[in-house]
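Keeping the supplied structure of chain A fixed, place chains B and C upon it in accordance with the hints.
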Amino acid sequence: MYKYDTYDQAMVDARVEEFRDQVRRRIDGHITEDQFKPLRLMNGLYLQLHAYMLRVAVPYGTLSGAQMHALGDIADKYDRGYGHFTTRQNIQYNWIKLDEAPDILADLAKVEMHAIQTSGNCIRNTSSDQYAGAAADEVTDPRPYAELIRQWSTFHPEFCYLPRKFKIAVIASETDRAAMRLHDIGVQIVRGENGELGAAFYVGGGMGRTPMIAPLIKQFVPLDQFITYAEACLRVYNRHGRRDNKYKARIKILVHELGKEEYTRQVEAEFAQLLSQNIEPPLAELERIKAQFADPAFATDLSDQLDRSDPDFALWVDNNCVTHKTPGYIAVTISLKPIGGIPGDASADQMRLMAALAAQYSFDELRVTHAQNIVLAHVRKDQLYALWQALDEAGLGTANLDLVGDIIACPGLDYCSLANARSIPVAQKIGQRLAAKEQEIGELKLKISGCINACGHHHAGHIGILGVDRKGTENYQLLLGGCEGADTSLGQITGPGFDEDGIVDAVEKATELYLSTREGGERFLDTYRRIGMAPFKEALYG
Amino acid sequence: MKLLTGNDLKSGAVTWWDGVQWSLHVGDAIDVGDHADSILARESAAQRVNAAYAIEASKDENGVRPGHIKERIRALGPTVRPDLTLKPADPEAGQWVI
Amino acid sequence: MAEVQFRFRDDEAVGDPGVTVDSFGAQSNAAAVRLEPGDEARDLLPHLARLRLIEINFPSFGDGRGYTAARVLREAGYTGELRAVGDVLVDQIGFMRRCGFDAFAPEVPLDPVDAQAALDRFADVYQPAADGRVPIWAKRHPEVQGG
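Heads up: the sequence lines are chains A, B and C, in that order.
Numbered according to my numbering, the first sequence spans residues -14 to 527.
Numbered according to my numbering, the second sequence spans residues 42 to 139.
Numbered according to my numbering, the third sequence spans residues 28 to 174.
So that you can see chain A by itself, here it is in the shape it has in the complex (with noise of 0.2 angstroms):
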C-alpha cells in the first residue's frame, strides 16, 4: 500500500500546525463560529448533537495494521473507546473536544492519516473497491489512481469552495462495489481497444433528496491526461454549479439542468484549454504509485481446498469470504454487524485485534467497505480456520454479509444534528426481527438513512428506510428496489410511512411476501424487479 514520502509527511504535518492555528485562534475568540465552521469542516470537525464529531479520512479504504490500532488508541485516549465506519469508508469518533482536535491530528499524522478535506464544500475522500487488489474481475488495481486524485484534490487551490461538496469513485472492475455512479464522479478504469489502460467518466450521480445516476460523459481517457480531465470536469462545475440554493448545488443537478451532452461539451471546451496547461502528473509518477500498491508476496504452490468440516466455520466462508485472483487465498469481510448491534460500530479493542489479526494474516493490511465492514483481502485459506476462531471469539465472526443483517445504517438522530429520526434503533429491531430468517431470505441488502442526506444510502437499497420529522414524531418511509453496482437503480416509495415499531412489520411482511412469490434462485431484488410494487403495496397496506 502507499507509503508517504517527506513531501505527503510534511504535508499533513503542516497541516497539523494550520488546524492548531486556527482552533486557537477560535478559541481565542479572533475568529467567529460563522468563519471557523468551514476551516473545521475541512478538517472533518463537526458540531454535533452531543459533542464534536471528527471524520477521519481512510484514503480508498485501504489501512495498514499500524493504522488500524492507531484508530482504537485515539479512539481509547480521545473519546469513548469506539469509532463509527462511515458508508465513505472512514471513521468517526463522536466525543471530541475541540481543544484536543490537535493532538489526535497529530496523532494521526504519525501514521500518514489525516482528516484532510472530509467535511465541507470541497473534493472529499476518494472511495475505491473493497476487494482492490484481490479481485479476480478487475483489469488494474484502482487504488493507484485513487491516491493520484488525493494527491491532487490535496488543497486544490481552485476547488476548496465549490458550490457544495465533491464525491469521487474509482473502479477497475466491472462488477461495481463502490456504487461508483451514485458518485459526483465516477471513474472505472477500463482497457481500450489496443489493451492499454484508460479511464472512463461518470458524472452527476448522488443520493440525497434528489437521487440520480450518473451518465457516461467520456468512454475513454488516457491515462496522461487523467487529472486534466478531472480538472476539466471540476472547473464548469465550480464555475456554474447553482449558489443559490443548497439543495441544488450538487453537480448531479448541473448535468441535469444542462444535459448530459452540453455539459460535456463545455467539460471538453475546458479540457482542450487545460491540455495546453500542462497540468499532468507525468506517468512516472503514476508509476512509482502504482509500484507501491504491487502485490504482496503470494505463496505459490498452496492448496486450494478448505476444512469445512465445522458447520459454524463453513456457513461464515459461505457468507463472508469471496474468491481471491490467487489460488489459495481467500479475500474476507469482518461484519461489524452483529445483531442488535450499532452497524458500523467497532471498540478500540475490536480495532486492534482486527489491525494484530491482519499483520498475522493478511500481509497488514485492511479495508474499510462502504457496507460499514472490514476486509482482510489476502488470507491464505489454510490460515482462515484459525482467523474465525480469533474473530468469533471477540464477537466479530457474524456470517451476515449482504444478508438481512448486514444493514448499512447512518448514525441518525441518536448522534447527527442533521437527521430527523434515529436510524439505529431500527437497524437494531429489524436485524433481530429477521435474524432466525435471514440464511433462509438470502442475499438483502437493507440501508437505513435518519433524513433526506440519504448517508445511509437509502436510494440504493433492495430495501430502503428513510427517517423523516411527522409533527415532532419519528417516521419511517419504506422504498423498495433500489441497488447500487452495473445495474444500478433507484428505490421506489412504498407509500404512508410507518412508526418505529410498524416499520419493523413492514420489512417483515415485505419479506414473507418474497419468501412465497419467489422462483428458482431469485434474491429479494429480482423478485420484486419481476412482480413490481403492486402486490408488496397490497401485502403492506391492503
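Calculated from the structure, these hints are not laboratory results.
Computed from a predicted structure; not experimentally measured.
Treat the hints with caution; some may be incorrect.
Unchecked claim - With the C-beta cut set under 10 angstroms, the calculated list includes, among others, these residues of chain A facing chain B: (1) Glu18; (2) Leu32; (3) Ala36; (4) Tyr37; (5) Ile81; (6) Lys82; (7) Glu85; (8) Asp88; (9) Ile324; (10) Ile327; (11) Asp330; (12) Gly380; (13) Asp399; (14) Ala406; (15) Thr458.
The beta carbon of each residue, even a glycine, is placed where N, CA and C say it ideally should be.
What follows is chains B and C alone, placed relative to chain A:
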C-alpha cells in the same frame, strides 16, 4: 416555557442556561421568557457557549421536557448507548425521549 | 472601497476603482474592471492588453467562483494586477495566491502575522496552478522533461 441551549465551545458538551451559567442538565434550565435574544448575544460574545439557540419546552412534576425529540436526545445522550447517556444506571432512560 | 492591504507587485497601483463588466464594454479606455461572481471572466480576454487591474469580488467567502475566474485570466496571459476584494479572510489568501491573485483588499483588515503565517504554511504543493510553484510530482521526477 422557553429554554436556551448550546454547546460548550471547548468540550462540545450540550449545555442549558440555568439563569447564572450553562449547566449540563436540562433539569436546571430556566424559562427565559422574552430575554432569549439578549442572553444569547451576551453569552455568545463572551465565548461561554457555542451555536446557542432558544427552544420550546414544558415543565411538569417530572421536570423540564424539551418540546422536540432532537432536544430530548441532546438532553439525555444517544439512546442506543445508555451507558454513555447522563443516566447510565437507567437502561430504560431512552423511553423518555419518545 | 476597502484599502489594499497586501500587494505582491512592484509596479504602480491603479488608483481608479474597477468599473463593472457591463460598463467596461462601453468605456473603451478603462484600465480597471471589477468582476462579480456571476460575471464571465472570459468576456475580458479580448481586452487583456489594456487592462492593468482586475478586481475580483468575493461578496461572501464561501462563493468560490472567483478562484476559477482568476486562474482563467492568468492562463490566458493576463499579467496585470489581480486583486481580491470583499469577504477575503486569512484562511483563504493562500489559495487565492495560488490562483494568481497578487493583491488583497479585504473588507476587514487581516492580522498581518496570521496572514504571513498562512502564506508560508505549506512548503510544497501537490498541483500546479497560476503561481508558478513547482508541484511535488515534478520534484519527485526531475528527470521527466516538462515535469
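Results for each hint:
The beta carbon of Glu18 (chain A) comes within 6 angstroms of a beta carbon in chain B, closer than 10 angstroms, and the hint placing it at the interface holds. Hint status for Leu32 (chain A): holds, given a least beta-carbon distance of 6 angstroms to chain B, under 10 angstroms. Restraint check, Ala36 (chain A) versus chain B: the minimum CB separation of about 4 angstroms is within 10 angstroms; hint holds. Interface hint status for Tyr37 (chain A): upheld, as the beta-carbon distance to the closest one in chain B is roughly 4 angstroms, under 10 angstroms.
At about 7 angstroms, the closest approach between the beta carbon of Ile81 (chain A) and any beta carbon in chain B falls short of 10 angstroms, and the interface hint on this residue holds. For Lys82 (chain A), the shortest C-beta to C-beta distance to chain B is roughly 5 angstroms, which falls under 10 angstroms, so the interface hint holds. Interface restraint check: Glu85 (chain A) against chain B, minimum CB-CB distance 9 angstroms, threshold 10 angstroms, status holds. With its C-beta approaching chain B no nearer than about 13 angstroms, Asp88 (chain A) sits outside the 10 angstroms limit, and its interface hint is violated.
With its C-beta approaching chain B no nearer than about 14 angstroms, Ile324 (chain A) sits outside the 10 angstroms limit, and its interface hint is violated. Hint status for Ile327 (chain A): holds, given a least beta-carbon distance of 6 angstroms to chain B, under 10 angstroms. About 9 angstroms separates the beta-carbon of Asp330 (chain A) from the nearest beta-carbon of chain B, less than 10 angstroms, and the hint is met. Interface hint at Gly380 (chain A): violated, since its Cβ lies 16 angstroms from the closest Cβ of chain B, which is beyond the 10 angstroms cut-off.
The closest approach between the C-beta of Asp399 (chain A) and any C-beta of chain B is roughly 4 angstroms, which is under the 10 angstroms cut-off, so the hint is satisfied. The criterion of a C-beta within 10 angstroms of any C-beta in chain B is met by Ala406 (chain A), whose closest approach is roughly 8 angstroms, and the hint holds. Interface hint status for Thr458 (chain A): upheld, as the beta-carbon distance to the closest one in chain B is roughly 7 angstroms, under 10 angstroms.
Violation of the numbered hints given earlier is confined to hints 8, 9, 12; the remaining hints are satisfied by the structure.
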